[in-house]
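Visitor: Read off the chains here:
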Amino acid sequence: MPTIVVEVMPKAELLDPAGKAVAGALHRLGHDRIGDVRIGKRFELHVDGEVDAELLAAVEKVAGEMLANTVIEDVVTVEVQGASVPGETH
Amino acid sequence: MRIGVITFPGSLDDRDAMRAIRLAGAEPVALWHGTHDLQGVDAIVLPGGFSYGDYLRCGAIAARSPIMAEVIDAANGGMPVLGICNGFQILVETHLLPGGLIRNDHGDFIRRDQRLRVESTDSAWTSGFFVGQEITIPLKNGEGGYIADESTLDRLEGEGLVAFRYLDVNPNGSLRDIAGLRNERGNVVGLMPHPEHAVEPGFGPDTRDAMRSGVDGLTFFTSVLTATLASA
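Chains F and V, in that order, give the protein sequences.
Residues in the first sequence are numbered consecutively from 1, following this note's numbering.
Residues in the second sequence are numbered consecutively from 1, following this note's numbering.
To be clear, the hints were calculated from the coordinates, so they are not data collected in a lab.
Take the hints with a grain of salt, since some may be wrong.
[To be verified] Distance windows between CB atoms, simulated:
1. F:L15 / V:T207: 33 to 39 Å
2. V:E27 / F:G82: 52 to 58 Å
3. V:V169 / F:E13: 22 to 28 Å
4. F:G40 / V:V169: 26 to 32 Å
5. F:K61 / V:E184: 24 to 30 Å
For glycine and all other residues, C-beta sits at the position ideal for the given N, C-alpha and C.
Just chain F, with the same shape it has in the complex (with noise of 0.2 Å):
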C-alpha cells in the first residue's frame, strides 16, 4: 500500500517553543555538541490503490490548507513510498 509523508515544520524564524524545551533537556545530558531542536510533524497518508498526479496534487494542496497553517509553519516534503509509481515531489 502506497504512502504519501508529508512533513511540517515551524517556520524557521519563529521560536519553537516545544523544541527549546528539547534542547534545554539534551544539554542537561551532556549532550553539548547539540544546539538548537526544532520539532515538526510527519503525517503518513495511506493510499488505497496508486497513487496519481490528481491525488498528489489534492495531497499538496491540503497540506498547505489543513495540514499546516502556512502562517506558522511550512510543508517541507511531500513525497511517496512504497509505490510502484516514482511520483516524488516537493
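Model the placement of chain V on the given structure of chain F, informed by the hints.
Guide: Chain V alone, transformed into the frame defined by chain F:
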C-alpha cells in the same frame, strides 16, 4: 436577542459563556458543531476549551467542522462573532482573523487574573469600553502566544485592529503584547483571556473593592446587545 454558543468535542467553557450571555440580558442558544444550523441566532460565541484535544493544531479541526461553514458565511455577512481562547484559535484557523497562536514561550500552561488595556472600541464586542480602559479578566492557556509576520503586525497596528493588549506582564510571549484582535468590519473579535469568567460578583477576579468581585468581562456581552440593537 439570541446569542448562539457552539459546543465542539472538547469545549469547556460553553456553559460559562451561556451564563454570561444570560447575565447580560440576552438569550443563550446552544449550537452543535456537527450541524449546519445556526438556529437563527443574532450573534455567535466560539467558547474556550480544547476542541479535538488540540490535535493537529489548537482549533484546526474545529475550524473545519460542519457548522463553521455557516459561521464563516455569517461572519462575512456582518454577524457578531466572539472567539474566546480556543475560540480565538479557531478564528485564526479559519482566517477570519490573521496570524497564529503557538505554545507559550515559557512552555508552561498559565492561569492568572490578567490586566488588559482596551485598544479598540470599534467592534460589536468592545463598544461598551473606552479606549485605554484597563480591565482584569482571567487568562488560562498553554498555547496563547500570538504571532504574525512583521507586515501583518504593522497593518494590525496601523488599522487599529489590536483590540486588547496585555498589561504588567506578557504572559505567553505574544508579539507586541497582543491579547486580542478585531476584524476590519468590527463584527469579529478574538482574544485569549476569558471574559465569561468575569461577569458575576463573587465569581470573578479579585478587585481593590472585594475578593472575586471583578465583572469587567460582562461589557463584552452587553456591548453586542447594543451593537445588534443599533443595526436592527
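Visitor: Could you run down the list of hints and mark each one as holding or not?
Guide: Hint-by-hint comparison with the structure:
1. Remark: the range hint 33 to 39 Å for L15 (chain F) to T207 (chain V) is upheld by a beta-carbon distance near 34 Å.
2. For the pair E27 (chain V) and G82 (chain F), the supplied restraint of 52 to 58 Å holds, since their beta-carbon distance comes to about 56 Å.
3. At roughly 24 Å, the beta-carbon separation of V169 (chain V) and E13 (chain F) lies within the given 22 to 28 Å, and the hint holds.
4. Distance hint for G40 (chain F) and V169 (chain V): a CB-CB separation of about 30 Å, consistent with the stated range 26 to 32 Å.
5. In this structure, K61 (chain F) and E184 (chain V) meet the distance hint of 24 to 30 Å, their C-beta atoms being roughly 27 Å apart.
The earlier numbered hints are all upheld by this structure, with none contradicted.
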